[in-house]
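Build out the structure end to end from the sequences listed, making use of the hints.
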Amino acid sequence: MADMDLGNAKKMTIICTKGTLDWAYPPFILATTAAAMDVDVTMFFTFYGLGLLDKKLKLGVTPLGNAAMRMPMAGMQMAMPNIIGVLPGVTAGASVMMKNMIKKKGVASIEELREAAVLSDVRMIGCQMTIDLFEKKTEDMIDGIELGGAATWLESALQSDINLYM
Amino acid sequence: MSDITPDEKLDAKGLNCPLPILKAKKALKSMENGQVLEIAATDPGSVKDFEAFSKATGNELVKHWMDGDVFMFYIKRVV
Chain A
0 MADMDLGNAK KMTIICTKGT LDWAYPPFIL ATTAAAMDVD VTMFFTFYGL
50 GLLDKKLKLG VTPLGNAAMR MPMAGMQMAM PNIIGVLPGV TAGASVMMKN
100 MIKKKGVASI EELREAAVLS DVRMIGCQMT IDLFEKKTED MIDGIELGGA
150 ATWLESALQS DINLYM
Chain B
0 MSDITPDEKL DAKGLNCPLP ILKAKKALKS MENGQVLEIA ATDPGSVKDF
50 EAFSKATGNE LVKHWMDGDV FMFYIKRVV
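Residue numbers (numbering that gives the first Met the number 0), protein chains in the order written: chain A, 0 to 165; chain B, 0 to 78.
Hints may be right or wrong, so weigh each one.
To be verified - 30 Å max Cα-Cα, derived DSSO-like pairs, lysine-lysine:
no.	chain 1	residue 1	chain 2	residue 2
1	A	Lys10	B	Lys25
2	B	Lys54	A	Lys98
3	B	Lys12	A	Lys103
4	A	Lys104	B	Lys28
5	A	Lys55	B	Lys22
6	B	Lys62	A	Lys104
7	A	Lys135	A	Lys55
8	A	Lys9	B	Lys25
9	B	Lys75	A	Lys17
10	A	Lys17	B	Lys22
11	A	Lys103	B	Lys22
12	A	Lys136	B	Lys12
13	B	Lys54	A	Lys9
14	B	Lys22	A	Lys102
15	B	Lys47	A	Lys102
16	A	Lys10	B	Lys54
17	B	Lys75	A	Lys98
18	A	Lys55	B	Lys12
19	B	Lys12	A	Lys57
To be verified - For the chain B half of the interface with chain A, some residues (derived, Cβ under 8 Å), not all of them:
no.	residue
20	Leu14
21	Asn15
22	Pro17
To be verified - Computed spacing ranges between beta-carbons, pair by pair:
no.	chain 1	residue 1	chain 2	residue 2	range
23	B	Gly67	A	Ser108	25 to 31 Å
24	B	Asp10	A	Leu118	41 to 47 Å
25	B	Val69	A	Ala8	32 to 38 Å
26	B	Gly33	A	Glu145	34 to 40 Å
It should be emphasised that the hints constitute simulated quantities derived from the structure, not laboratory data. Glycine included, each C-beta is placed from N, C-alpha and C at the ideal position.
Spelled out as structure tokens, the structure:
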């Protein structure tokens, strides 16, 4: 592989604001694939995206308010009525169901993708303000992350060929 | 083209995007320039993905074909 000519290397910055299981996939898939294609990737995690940096991931997904959600059941794409979403245990059930589907179909877990991102030298930045706001502890977060603010994100974004907000 | 003998083989069957690409990249990293990696995948998206991967990284997608239901690729690591 050619040594990356840093002057010509493509750069991508992703800002991750969501922390649900379904929203965790796009940033990690794009970041790891971009890194595999020699792109210099920075991920900035803020608000609910900060949860994606927790050592112990507890990602969930809810059918409530998710008008586009369809689960493959009984040979069909089943929509989930919102009223089911408010029942106790449904969020946990939907999350388990989705994780099982993911495993069954040979899709990587978020833990695997995150590890691949770290190993590919993807720069992972946690939003300092969000940490203070939600009183999160950095000891509960994975190693190797930086802490930064909006200006840190902006500096990376200004240099990037691709900027993604998710 | 004479038959190519791959130097390394990667079994990515049953793995979905982006794992075939990630594992291929990892395998290629530990190979020498000029060596060929054989990849077997069942993810139909992998055909387009490996074409894009080769274009972006400069590694050569020497050949790709189907072996039954399995998508096969030879990727040569290039300087």
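Legend entry - Hint numbers contradicted by this structure: 2, 9, 12, 17 and 24
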